[in-house]
Structures are given as C-alpha cells and as structure tokens.
Amino acid sequence: MGGGREVSVSLDGVRDKNVMQLKKLNTVLFPVRYNEKYYADALASGDLTKLAYYSDICVGSIVCRLEKKESRSVRAYIMTLGVLAPYRGLGIGTRLLNHVIDLCLKQNIQEIYLHVQTNNDDAVNFYKKFGFEITETIKNYYTNMDPPDCFVLTKFITQSPVKK
Amino acid sequence: MGASLPPKEANLFKLIVKSYETKQYKKGLKAADQILKKFPDHGETLSMKGLTLNCMDRKPEAYELVRLGLKNDLKSHVCWHVYGLLYRSDREYREAIKCYRNALRIDPDNIEILRDLSLLQAQMRDLTGFVETRQQLLTLKPNHRMNWIGFAVAHHLNSNVAKAVEILEAYEGTLEDDYPPDNERCEHGEMLLYKISLLEEYGFLERALEELHKKEPKIVDKLTYKEQEVSLLVKLGRLEEGSNLYKALLIMNPDNYRYYEGLQKCFVLYSENGKYSSDETDQLDALYKSLAKEYTWSSAVKRIPLDFLQGDKFREAAVNYIKPLLTKGVPSLFSDLSPLYDHPGKADVIEQLVLELEHSIRNNGRYPDRTEKEPPSTFLWILFFLAQHYDRRGQYDVALSKIDEAIQHTPTVIDLYSVKSRILKHAGDFSAAASLADEARCMDLADRYINSECVKRMLQADQVALAEKTATLFTKDGDQHNNLHDMQCMWYELASGESHFRQGDLGRALKKFLAVEKHYADITEDQFDFHSYCLRKMTLRAYVEMLKFQDRLHSHVYFHKAAAGAIRCYLKLYDSPLNSLTEEEDNTSKTPSQKKKMKKQRKADRAKKEAEEKSEESSASGNSKFGKRHIKPVDPDPYGEKLLKTEDPLSEATKYLKLLQKHSADSLETHLLSFEVNMRKQKILLAFQAVKQLLRLDAENPDSHRCLIKFFHKVDSMPVPVTDAEKLVWSVLEAERPFISQLQDKTLSEANKVFLVKHEDSLMHRVAVAEMLHVLDPTKKPEAVKLIEDSSNKVVPKNGALGPVMGWKLKDCIAVHKLLDKVLTDQDAALRWKVRCAEYFPYTTYFEGSHSSALQNSSNNLDGETTVNGDASHPGISGSESLATANGKLEAFKNLTI
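As you go down the protein sequences, you meet chains A and Z in turn. Going by our numbering, the first residue of the first sequence is number 1, and it counts up by one from there. Going by our numbering, the first residue of the second sequence is number 165, and it counts up by one from there.
Same shape as in the complex, but just chain A (with noise of 0.2 Å):
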C-alpha cells in the first residue's frame, strides 16, 4: 500500500456539468470509446454512479444503469469500475463499489451483475471478495479483444448485510 499518510477520498455524484470528467477518465482507462447512451445511462442511474475523489482529485468511478427485470423487478448493472493507475492501491476502488452494493441494499434492488473479460483474473478476484459469483460465460462477447469471451459475475442482495 501506498500513501503513507491519510487522504480523504471522497465520492461525488455525475451531472450534466462534470461528465466531462468522466469522460477524460475512460479515455485512458478503457480500451472502448463509450457512446452517449453510455453517458444518459450514467446520468439517469442517479446515486448508483459515483466519481472519487483523492483529495479533491477525481481519480475513478463507478458507473452504473438501473435495468428493468420481467418481474417488475430493478437490478444494477455496473457498466464500469476503474481507478487511475497512480492512485490504485488505495482502497479507492472498494470504496466505490461497497458504496453500490449499500446503496443497492437500501434502495432494495437485489441484483447486481456485470461483465469480465475471461482473462482478467484480477478482476475476478476482486469482486469474488465482494461476493460475486460468475453466473454465465458469455462466448464472442467482444469483437476486436483477445479472448472474445466474458464471464458474468453476480452478487445477489437478499438477506445478509454486507461485509465492509
């Protein structure tokens, strides 16, 4: 871990004024150019999509879309979760996610899901300790990134209150 002293961090909501800011930190931390349904999605997620702050630097973000099951039902989806290089390590990233898992909590909305490439074992890891489960392998999901293949990972919200 690095840093050795304490720095706030601290989570702010995305509006129509700073997008811009997320949309600098996707340029560099995805390989995907988003398109602007990306961006509706993550404005109209309201809580659910959240930038962090590094004393006062916004250093990652989470970005969710709330999606309508058959059942009337609501569950999240987590389009994206990243950090800037400089500043993983930190905590940012659980951070950001443990807030979407309370806030999910809350709000009663007892799935979230997302995809990963199947080679990104860290990834996987990462949110095996949040409780998610891969749920699905999606074969060809991608179409221009080696390997083509995704799995779904899953975390179900009923009964146990989640871990900090």
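Mixed in with the good hints there might be a few duds.
[To be verified] Restraint-style ranges between C-beta atoms, simulated for each label pair:
no., chain 1, residue 1, chain 2, residue 2, range
1, Z, Ala456, A, Lys128, 48 to 56 Å
2, Z, Glu1012, A, Pro148, 58 to 66 Å
3, A, Ser10, Z, Asp500, 40 to 48 Å
4, A, Gly89, Z, Asp568, 55 to 63 Å
5, Z, Asp512, A, Gly89, 34 to 42 Å
6, A, Pro148, Z, Leu995, 56 to 64 Å
7, Z, Asp561, A, Gly89, 29 to 37 Å
8, Z, Ile687, A, Asn98, 54 to 62 Å
9, A, Ser10, Z, Glu1012, 43 to 51 Å
10, A, Pro148, Z, Asp512, 54 to 62 Å
Derived by calculation from the structure, the hints in this document are not laboratory data. Where a beta carbon is used, it is the ideal one built from N, C-alpha and C, also for glycine.
Dock chain Z against chain A, hints included.
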C-alpha cells in the same frame, strides 16, 4: 408653492407635488390637467407636469412644458428648481447648478434647493461652492446632525482639515453627555473615528491618540480602533507598545501582511525595497522563527521569510515551505512563489530543489531523507509546478513536456489544461492555447472562471464569434451580448476590441473601446447617490476614500487601455480613410475571400439580430398583461459604422488623449500617442511637448529615440516660416533644441549613431536605429536591413542544465518582422527573418514554427486520439458495454450540451 391659485387648485397643486414624491405619476398628471383646465398658463403647474412626464419616459414633452412653465413664471423658484431637476436627471450638472442658483436668488433660504445644490457641487468638485452651501444649510438648520457633518466634510475636502475638526468638536459640544442612544451608536462611533483620522492626517498625533483613548467606550468598531491606535503609536515612535498591539492584532488575524509589516517597523527591521543587511536578515529570521511558534496556523509567517532570506538559509526555508504544500496539493503554489523569481538567484535554487524532489519521488515515491511514502498526487503537483517554472523561464519545450507528463499521470485535473493553455499562449500558439482552454472549460461547465479564461484565449486567437458564444453561456438570458456590457465586463470588451482591431474591423473595435470608456463615465456618475447617503449613514471615512478614488479613477489601467485603443483606431482611420469598413467600400487590407467571409458573417449577424428582435417583440406583447416591461433601447449602430464616418478622427482621438494626459501622465504610451496625433495634426509644439515628456520618462527607450529623430527630421524639412505664428513656433524650437542633450552639437544621423553605439546589443534599439536610418535617408535601406539582420540572439546566462533561454522576446521579433515587411518593404529580408525566428520560436503560429498548430495538427491537437491506456488487467476493472461503440463518436466529446 402654488400660492397664486385659489384654495381648491392650491390643494390640487399640493397633490401633484405629493404624487411626484410618492411616484404616483398618473395621479399627479390628472391633478395637473385639472388645474390647467382652469388656468392653462399657470407656470408652476406646467413645470410640475413636465417633471412628472419626465419620469414617465416622455422627455421631449417634459422639456417643452418645463420651459413653457418657466417662461410663464420667471419669478418662481419652483419653476427654476424643476428645471434644475430636469437637467440633473439628464446628468447635465453644470446647467442644473445654474438653475438652482437662479432659484436661490428668488428664495435664498430654501433648504431643499440648497441641499440639491450641495450634492451637485460635491459631484462636480466645486469645493468652495460646496463649503458655502453647506455653511448656509448649517446656519439655517443647526439642529440637524447631517448639516454639521456635511459642513465638516466640505472643509475636509477643501483641504481645511483643522476647520473640519473644529466643526466636529463644536457639533459634539451640542450633544448631551449620554449621547448616543443605542440605535445610533454605530453612526456616532464612525463620526469619532473620522474625526480621529482627521487629527492624524493633520499631524496632531498626541491629540488623536488621547481622543481615541478617551472615546474608546463610544467606538463600536473595535478592529479599526486597534488599527488606528497602533498606527498612531508607531507614528509617535512608541514602538514597544506598537509591537505589543500588532501581536494582539495578529492573534485576531495571523495572515494579515500589513500587521507583519507594522511589526517589522516596530523592530526597526523594515525596508521599502525589501533589501536587508546580513545582520538585519539574521534578526528578521529570528523574529519570524519566534512568531511561527506563536501563530502556528499562519501561512504568512512561513511565507514572508522567503522574501528576505538568502543563500543556504533561503534554500532550507524554501524546501520546508514547498514540500508540505506539494503533498497537500495547492494549485496556487507557483503564483505564491512567483514574486521570488524577481530576486536574483532564487529561481535557480527553487528549480534545483524541486528537481531533486521530482527525482526522489519518481524513483521511490518518497521525499529525500524521508521514510514515509508520499501520496501519488504529490508527483502530479511537482510536475505541475515545474511546468509553470519552465514557462516562466521561457523554456517552453521543457514546460510542455512536464505538463504533458502530468496530464498523463492524472488526466482529470483541470488546472493542468489551463496551465498548458497558458504555456502555449506564451510560446506564441494562440489557437492551440484557445482549444486547450476550451478543453479545460468542458471539464467543469459550472465554473465561470475557466469559462472566462477560455473566452480570453479565444479572443487572443481572434475567434471572436466563438468567444462571444462561450461568454454568453454565463450571462443571463435575454439580450445576451448586451448583458456583458451591462455587467461592465471590461476585460471582455477590451480583449474583443483588441481582436477586432487586429483583424482590421475598426468600427467594432471602436465600439468596444468606447464602451469601456462609457463604463468609467458611469462609475463617476455612480458616486452621485453617495453624497447624501454617506452623510446620513455616517460612513465618512469610506465616503472620503471613495471620493479620492473617483478623483483618480481614469488612471486605472483598463481605462488607459481603452483610451489608447480608441486613439489607435482613430489614427488608423485618419491614415487610411478608404479603409472604413462599410460594406460597399473597397477594403485593401483584406483578401477578397476574407472580405466575403466578413460580409457573410455580418449578414448572418444581422439576420439573427432581426429574428431575435422579432421574437422579443412577440414575447413582449405576450407579456404585456404583466404591466410595462423595461424595454432596452436597441443599439442603432451595433457595428460602429457610424463611428467610422466621423469627419475628424483626430479631434475624436484628442478627446481621449486629453484624458490620458491628465490621468496617465507618467506612461510612455500616453506621450507616444500624443506624438502621433499631434504630428498628424501639424501641432508642432504639442508634438514637441510629447517628445520632451518621452525624454523625461525614458530617454533610452527605442520609441523615445524614434520620436526625437522623427520630430526634428520633420522640423528640418519644413519650409521657412512665413506667418507670425510659424515664426513663433520656430523661435521656440530654436531656443529649446540646444537643451536636448541627445542632439547637442550633433546632426540627427550622428545622434542616431551615438544611440546605436550605446545600445549595440539590444535588438529593439538596433531596430529603432535602423528605422531612423531609413527615415533620414531612404537610400540607406540596405544598410538598415543589414543592421537588423546582424543582430544576434544571445543566450541569457543562467545555470539551468535543461537547455538555453534566448534573450529575444517573441513580441519584439514579430514587430521587427512587420517593420521589415511593411515599412522597409524588403520581402526577402522579412522572409529570412521569419525563417530565423521560426527556429527561435518553434511553437509560434506567426512564424509558422515547426511545433505550432499552424503547421501540424499533432502534438497540441485535442481532437486527435488520446493514446488509450489499454491496460485492462488491473483489479477493479470490469470489461464493458456493447462494443459497437468502440470506434466511438469523438464529436461527442466536443459537443457537450450545456
């Protein structure tokens, strides 16, 4: 009032006056008409009707009625008073004063008129008149507090401080012992503080201090009490008491620099120029070390020692100051330290020590000699600091590499883009600077500061339309562009004016410059309300200070810039009157395609404007049921075309020149402009005066030299004087010339040579000499060009290891290029110069340097692909969303809706 009327009408007349005072104009108008039905020639009623109409926006009728009323009843003070009020409402104060004086001749003791007159006299700074009027008011109504105070202030303004004190004390003598009542304690305290400040101003220091102590319980403003006390103590040389009091003040506010300055004075350790002997430095060091222990929260106490410490002690203090702020992430650190860059050697020390920090953090994440790791952001702030440091030193390539590294490290910090934009501006690439500023702006659309900064960059890059659009994002809805004018947004108007001027659109440039001039007139105007308000509220110290500020208002730098800009426009207009940019006329300075573009632009603007007006009208009519809406008068000359049609641009220029001469007499530019204007007007003596002023201010300045040579060259080439006036001018010059040391026993050519020898190493001096060589003898053009081209750009000595800094300034080199191109008209030399400068200034668009955005769209381009950090293998990343968007819409990044 209304005395000549029968009782019923007399009552109606009283109703008019009352309705006017309570702003029930319709009611007043009705009453007036009722009287006029019976007495159609009644002067006072006619006047009052006019005054009422004046408030209902029916000016022409108002003037007609008021004048008619006066004609019918010349002996009525009411009619004269009303006439004065009418003038006053139109800001014609001199006329208004005349009317009031006539009214007072008829009714000398009319308090209302006297009061109105005194306000105008204060406004017009008729100080003797002001004193007289206030005296009369006091004599008439001595039981009125305001009359005492007004009389005292009048004497103070009229430089009779002793008298002012006397009056205030006489006023105090009229008060009961238990004065003031609770609801007037603040006012009374202010009056006392004003009186004490008068005593101090007059030099009665002992008495002031005594009075201060005596009245302490009655002074409400305890902070000012203490500050006044300490100021008096120090002036009386009671330094020990003074230092104790300063320390007490520092407990209240440990970051007030003035307190530290005062404290140093108490220890006799203060010097205006900041220079101290080594002994004094040691004492100061010890003083601040002890203060730092006392005021641990103060940042001033840590910062001030950097100003006086030298050598190793400076280095040590600087490291200790800088390190925690880099850790904390203080974006303003560089501007905090930048005054130190004017101290010899300190910039080098700072560079060295920050580079050491950078090295250490880069390699192991720690400061040297520390075991704990720094947060990752420290590295970012070090790079950010270094970028600004190298920018300041003119090493733009290093600055850019640092800022790029910082952006790569943390791409979300807005300040990084702002600084990069600033570096590019300094390096001469205005359009790249503008697009970076726009990128910064997009990152926080709610931040007015970065929005404004972006607008400024756009104007510097001559993107006026875009700038206007961006600026209006933060104005209220409605007539957006005018809104900037209403807000007196002067930096914008100046920058816009400069840009129009650069692009040759003199009309719009003038519009903007004159708008700024208008703001200053408005500010002068705005003081009017305070003449009565401040006397009533007793904020006397602030009031007198405000009046003094108003007296030197026009020496403010924005006014100076606006006036100079307007004069330049008029000069250009005079030199090439055909260039006036009315659409039909030929415009030689522009290529046909440019002209077409401008025409189109203007047409589009006009169409837009019309559409807007229409929609406004329709919305206005829709709103009509909500009562009258304030409708702004439409600017009849939005593009300044009428301004350009002036008959006599030079006399217009002279108006503003006079203001500059009065208020900015110590500015070289003022007299340069005066020289240019008066040479064109053939006002030889005034031009000579300008030359003398220039020599007085800075005889070694290249422009002073130019004017001197040009002036006498012109004089020498004039025909022999014929008329008496010409002979007189001649004799003055004959008498003055021997006193100009530059010209003693020398021909102009010789003087030119002497100037060259004196300043051989300076580019701009050589250029001035070359230009004058050509002026004196046009056949010497090759020699002049050679003189310029033989100049050498020397490396400024400094021990930084990261590349040399050249001595020439970009601005100067551009001026030289223009001179070669336009004045000496040697295209080959101009081209050679351009190639040479492109080398010195690789980022400059003007010279099309190899790194500038004029040539390539790579390094500073924003729309281009940012290298994508493809590392998806770290924890905390989930792969994503449908990939149909992978070759995503770049435009989306730019077209953020707001």
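Quiz item: Measuring from beta carbon to beta carbon, are Gly89/A and Asp568/Z in 55 to 63 Å?
Solution: violated, 25 Å
Quiz prompt | Supplied distance hint 40 to 48 Å, evaluated on CB atoms of Ser10/A and Asp500/Z | solution = violated, 25 Å
Practice problem: Return holds or violated for the Cβ distance of Glu1012/Z and Pro148/A against the range 58 to 66 Å. | Solution: Distance hint for Glu1012/Z, Pro148/A is violated at roughly 47 Å.
Practice problem: Could you say whether the range 43 to 51 Å given as a hint is met by the Cβ separation of Ser10/A and Glu1012/Z? | Solution: With a Cβ separation near 47 Å, Ser10/A and Glu1012/Z satisfy 43 to 51 Å, so the hint holds.
Exercise. For the range 29 to 37 Å, tell me whether the beta carbons of Asp561/Z and Gly89/A fit it or not.
Key: With a Cβ separation near 34 Å, Asp561/Z and Gly89/A satisfy 29 to 37 Å, so the hint holds.
Quiz item: Has the hinted range 56 to 64 Å been met by the Cβ atoms of Pro148/A and Leu995/Z?
Solution: holds, 57 Å
Quiz item: Cβ-Cβ distance between Pro148/A and Asp512/Z: within 54 to 62 Å?
Solution: Holds, since Pro148/A and Asp512/Z (Cβ atoms, about 56 Å apart) stay within the stated range.
Quiz item: Range hint 48 to 56 Å: satisfied by the CB atoms of Ala456/Z and Lys128/A?
Solution: At roughly 52 Å between Cβ atoms, Lys128/A and Ala456/Z fall inside 48 to 56 Å, so the hint holds.
Quiz item: At the C-beta level, are Ile687/Z and Asn98/A separated by a distance inside 54 to 62 Å?
Solution: Between Ile687/Z and Asn98/A, where Cβ atoms are some 56 Å apart, the hint holds.
Self-check item: Distance restraint hint 34 to 42 Å, applied to the beta-carbon atoms of Asp512/Z and Gly89/A
Solution: Between Asp512/Z and Gly89/A, where Cβ atoms are some 37 Å apart, the hint holds.
The earlier numbered hints that this structure contradicts are 2, 3 and 4.
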